Each structure stands twice: as C-alpha cells, then as structure tokens.
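A.B. asks: Okay, here's what each chain looks like letter by letter:
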Amino acid sequence: GEDVEQSLFLSVREGDSSVINCTYTDSSSTYLYWYKQEPGAGLQLLTYIFSNMDMKQDQRLTVLLNKKDKHLSLRIADTQTGDSAIYFCAESISGGSYIPTFGRGTSLIVHP
Amino acid sequence: GAVVSQHPSRVICKSGTSVKIECRSLDFQATTMFWYRQFPKKSLMLMATSNEGSKATYEQGVEKDKFLINHASLTLSTLTVTSAHPEDSSFYICSARAPTGQGVTPLHFGNGTRLTVT
Chain A
1 GEDVEQSLFL SVREGDSSVI NCTYTDSSST YLYWYKQEPG AGLQLLTYIF SNMDMKQDQR
61 LTVLLNKKDK HLSLRIADTQ TGDSAIYFCA ESISGGSYIP TFGRGTSLIV HP
Chain B
1 GAVVSQHPSR VICKSGTSVK IECRSLDFQA TTMFWYRQFP KKSLMLMATS NEGSKATYEQ
61 GVEKDKFLIN HASLTLSTLT VTSAHPEDSS FYICSARAPT GQGVTPLHFG NGTRLTVT
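Protein sequences, first through last, are from chains A and B. Residue numbering for the first sequence follows the numbering used here, starting at 1 and increasing by one per position. Residue numbering for the second sequence follows the numbering used here, starting at 1 and increasing by one per position.
Don't take each hint at face value.
To be verified - In silico DSS-like pairs for lysine-lysine, Cα to Cα no more than 30 Å straight-line: (1) B:LYS66 / B:LYS14; (2) A:LYS67 / B:LYS41; (3) B:LYS66 / B:LYS20; (4) B:LYS55 / B:LYS42; (5) B:LYS41 / A:LYS36; (6) B:LYS42 / A:LYS70; (7) B:LYS64 / B:LYS42; (8) A:LYS36 / A:LYS56; (9) B:LYS64 / B:LYS20; (10) A:LYS70 / B:LYS41; (11) B:LYS66 / B:LYS42; (12) B:LYS20 / A:LYS36; (13) A:LYS67 / B:LYS42; (14) A:LYS68 / A:LYS56; (15) A:LYS56 / A:LYS67; (16) B:LYS14 / B:LYS64; (17) B:LYS66 / A:LYS68; (18) B:LYS14 / B:LYS42; (19) B:LYS41 / A:LYS56; (20) B:LYS42 / A:LYS68; (21) B:LYS20 / B:LYS41; (22) B:LYS20 / B:LYS42; (23) B:LYS41 / B:LYS66; (24) A:LYS56 / B:LYS42; (25) B:LYS41 / B:LYS64; (26) A:LYS36 / B:LYS42; (27) A:LYS36 / A:LYS70.
To be verified - Here are some, though not all, of the chain B residues that point toward chain A, as calculated from beta-carbon distances under 8 Å: (28) GLN6; (29) LYS42; (30) LEU44; (31) LEU46; (32) SER90; (33) ILE93; (34) PRO106; (35) HIS108; (36) PHE109; (37) GLY112; (38) ARG114.
Derived by calculation from the structure, the hints in this document are not laboratory data. This structure is a prediction, so every number in the text was calculated from the model and none was measured. The beta carbon of each residue, even a glycine, is placed where N, CA and C say it ideally should be.
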C-alpha cells in the first residue's frame with residue numbers, strides 16, 4: 001500500500017462541514033500537512049500539525065491527529081464553493097530530511 | 001508570507017526540443033529547492049532536490065541527463081527538460097522551504113508549469 005492514503009472524492013452541500021480523512025503508515029512522522037490545490041495552480045499550504053499535538057484549529061479549519069491509529073483529518077466548517085479543490089495530506093519524518101510524502105489528494109466538490 | 005514564483009505557467013513545445021522552467025523564491029533565500037512532477041489523478045512525485053552551489057540529488061528512476069537542474073543562486077533554481085517527448089508532458093511544480101529559525105518549516109510551492117510536448 002501507499003505511505004499516505006486518502007479517499008479520492010468528497011461531495012458536500014454548501015454550508016455543511018467537510019471532513020477529509022487521511023491515513024499514514026510511518027509512526028515516526030514528525031509533521032503532517034494539509035495542502036490545497038485549485039485547478040491549474042500549485043499547492044497552497046493550509047495548515048500543519050506537529051506530531052505531539054492532537055488538534056489544531058485555525059478559523060474554519062480544524063485538524064485532528066490520532067497518532068495511535070495514524071489518522072489525520074481536516075474539517076472545514078461552513079464549506080463554501082470556493083473551497084472546491086484538491087486537498088493533499090502529507091507527512092514528513094526527520095529521517096527523510098523532512099521532505100513531505102504526499103497522498104493522492106481528495107477532490108472536494110461543493111454544490112449549492 | 002513566503003512566495004515561490006514559477007515561470008512559465010504553461011508551455012507547449014515540439015518533440016525533441018528543450019524547455020527551461022524557472023523557480024524563484026521572492027522574499028527569502030532558499031539553499032534547497034524541490035522539483036515535483038504531478039500526474040493526472042496521482043500524487044506529487046518528488047523528482048529531485050536542488051542544492052545551491054552543488055549538484056542536484058535525483059530520486060530513483062529520474063534521469064538526471066534528461067531533467068537538468070541548476071541552482072546557481074539562493075533565489076533561483078531551473079529545471080530543463082532536454083529532448084522533450086510527449087511522455088514528458090506533465091505538471092511540474094517547484095517548492096522551497098522558507099527559513100524561520102524555528103525548527104522545520106513546511107514547503108511553499110510555486111504555481112506550477114503545465115508542459116505539453118507535441
């Protein structure tokens with residue numbers, strides 16, 4: 001299996017909350033990231049969490065980390081059409097010079 | 001915030017020609033930059049790590065003679081796709097780490113270059 005796994009698609013209604021899930025395999029992951037990619041653009045860092053944290057909140061974004069299950073989630077509250085994009089989960093470890101390993105990305109589709 | 005600029009955003013070239021893509025860190029110095037390639041519905045694949053003033057480090061399976069990387073200054077890395085073929089058509093993205101002096105910082109990405117080889 002892949003090092004970082006995500007479901008490929010998520011569809012939500014505007015105004016609802018979106019939860020994008022990610023699992024990783026390396027228990028020595030030090031940093032875990034969420035990036036957003038809009039069509040034809042590069043990756044925009046949304047947020048990241050250090051492995052000794054369980055939760056991080058930044059405005060509409062909430063990141064939850066379950067180290068025991070190696071599970072990371074990104075919750076977007078009050079999802080808007082402008083949130084439609086691909087969301088990438090990534091992990092990095094000290095042994096890998098902290099170069100992140102990415103999942104395949106989750107396409108979030110927000111419909112009215 | 002840290003800004004990484006990539007140019008051009010889109011390029012179409014004929015098979016057999018070479019194409020150069022530039023990656024610049026606009027408001028910080030980057031001793032290391034990273035070049036990724038993104039395939040449709042696939043994750044980002046790290047191609048190489050570009051090191052200022054020294055040779056790039058290529059990932060396994062990436063041809064260093066085909067994908068030439070030059071990191072001549074602390075703010076500029078270039079990727080040259082030599083003798084391009086249609087299978088080289090892809091989305092290439094560069095990234096760099098902005099130093100903060102406080103532990104490891106995440107990568108900041110350019111907007112990518114869509115290469116189409118006809």
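A.B. asks: Each hint should be assessed against the structure and marked as holding or not.
C.D. replies: Tested hints:
With a C-alpha separation of about 16 Å, the suggested pair B:LYS66 and B:LYS14 falls inside the 30 Å cut-off, and the hint holds. For the proposed pair A:LYS67 and B:LYS41, the alpha carbon gap of about 27 Å is at most 30 Å, so the pair holds. Annotation: proposed proximity of B:LYS66 to B:LYS20 holds, straight-line Cα distance about 12 Å (limit 30 Å). Pair hint B:LYS55 plus B:LYS42 holds up; C-alpha atoms about 28 Å apart against a cutoff of 30 Å.
The suggested pairing of B:LYS41 with A:LYS36 holds, with an alpha-carbon distance near 14 Å, which does not exceed 30 Å. Pair hint B:LYS42 plus A:LYS70 holds up; C-alpha atoms about 22 Å apart against a cutoff of 30 Å. This hinted pair checks out: B:LYS64 and B:LYS42 have alpha carbons roughly 22 Å apart, not beyond 30 Å. At most 30 Å may separate the alpha-carbon atoms for a hinted pair to count; A:LYS36 and A:LYS56 meet this at roughly 17 Å.
Between the alpha carbons of B:LYS64 and B:LYS20 the distance comes to roughly 14 Å, so the proposed pair stays at or under 30 Å and holds. For the suggested pair A:LYS70 and B:LYS41, the alpha carbons sit about 23 Å apart, so the restraint of at most 30 Å is met. This hinted pair checks out: B:LYS66 and B:LYS42 have alpha carbons roughly 22 Å apart, not beyond 30 Å. Between the alpha carbons of B:LYS20 and A:LYS36 the distance comes to roughly 26 Å, so the proposed pair stays at or under 30 Å and holds.
Between A:LYS67 and B:LYS42 the CA atoms are separated by roughly 25 Å; this keeps the pair inside 30 Å, and the hint holds. With a CA separation close to 17 Å, the supplied pair A:LYS68 and A:LYS56 stays within the 30 Å bound. The hinted pair formed by A:LYS56 and A:LYS67 meets the criterion: a straight-line CA distance of about 14 Å does not exceed 30 Å. Taken as a hint, the B:LYS14 and B:LYS64 pair is honoured in the structure, with Cα atoms around 21 Å apart against an allowance of 30 Å.
Using a Cα cut-off of 30 Å, the hinted pair B:LYS66 and A:LYS68 is violated, with the two alpha carbons roughly 43 Å apart. For the proposed pair B:LYS14 and B:LYS42, the alpha carbon gap of about 25 Å is at most 30 Å, so the pair holds. At roughly 28 Å between alpha-carbon atoms, B:LYS41 and A:LYS56 fall within 30 Å of each other, so this suggested pair holds. Taking the CA atoms of B:LYS42 and A:LYS68, the gap is about 27 Å. The hint holds against a cut of 30 Å.
Distance check on the hinted pair: B:LYS20 and B:LYS41 sit about 25 Å apart at the alpha-carbon level, within 30 Å; holds. At most 30 Å may separate the alpha-carbon atoms for a hinted pair to count; B:LYS20 and B:LYS42 meet this at roughly 24 Å. Among the hinted pairs, B:LYS41 with B:LYS66 is consistent with the structure: their alpha-carbon atoms are about 24 Å apart, no more than 30 Å. The straight-line distance between the Cα atoms of A:LYS56 and B:LYS42 is roughly 28 Å, inside the 30 Å bound, and the hint therefore holds.
With a C-alpha separation of about 25 Å, the suggested pairing of B:LYS41 with B:LYS64 holds against the 30 Å cut-off. This hinted pair checks out: A:LYS36 and B:LYS42 have alpha carbons roughly 15 Å apart, not beyond 30 Å. Simply put, A:LYS36 and A:LYS70 have alpha-carbon atoms about 21 Å apart, close enough for the 30 Å limit, and the pair holds. Interface restraint check: B:GLN6 against chain A, minimum CB-CB distance 7 Å, threshold 8 Å, status holds.
A hinted interface residue such as B:LYS42 counts as satisfied when its beta carbon comes closer than 8 Å to some beta carbon of chain A; here the least separation is about 6 Å, so the hint holds. Satisfaction of the interface hint for B:LEU44 is found here, the shortest Cβ-Cβ separation to chain A being roughly 5 Å, below the 8 Å cut-off. Hint status for B:LEU46 relative to chain A: holds, with the closest Cβ pair at about 6 Å, below 8 Å. Evaluation of the B:SER90 hint against chain A yields a violated restraint, the C-beta minimum of about 13 Å exceeding 8 Å.
The restraint placing B:ILE93 at the interface with chain A holds, with a minimum CB-CB distance near 5 Å, inside the 8 Å limit. Checking B:PRO106 against chain A by beta carbon gives a least distance of about 5 Å; that is within 8 Å, so the hint holds. The restraint placing B:HIS108 at the interface with chain A holds, with a minimum CB-CB distance near 6 Å, inside the 8 Å limit. A hinted interface residue such as B:PHE109 counts as satisfied when its beta carbon comes closer than 8 Å to some beta carbon of chain A; here the least separation is about 4 Å, so the hint holds.
Interface restraint check for B:GLY112: the shortest CB-CB distance to chain A comes to about 4 Å, inside 8 Å, so the restraint holds. Interface hint at B:ARG114: satisfied, since its Cβ lies 7 Å from the closest Cβ of chain A, which is below the 8 Å cut-off.
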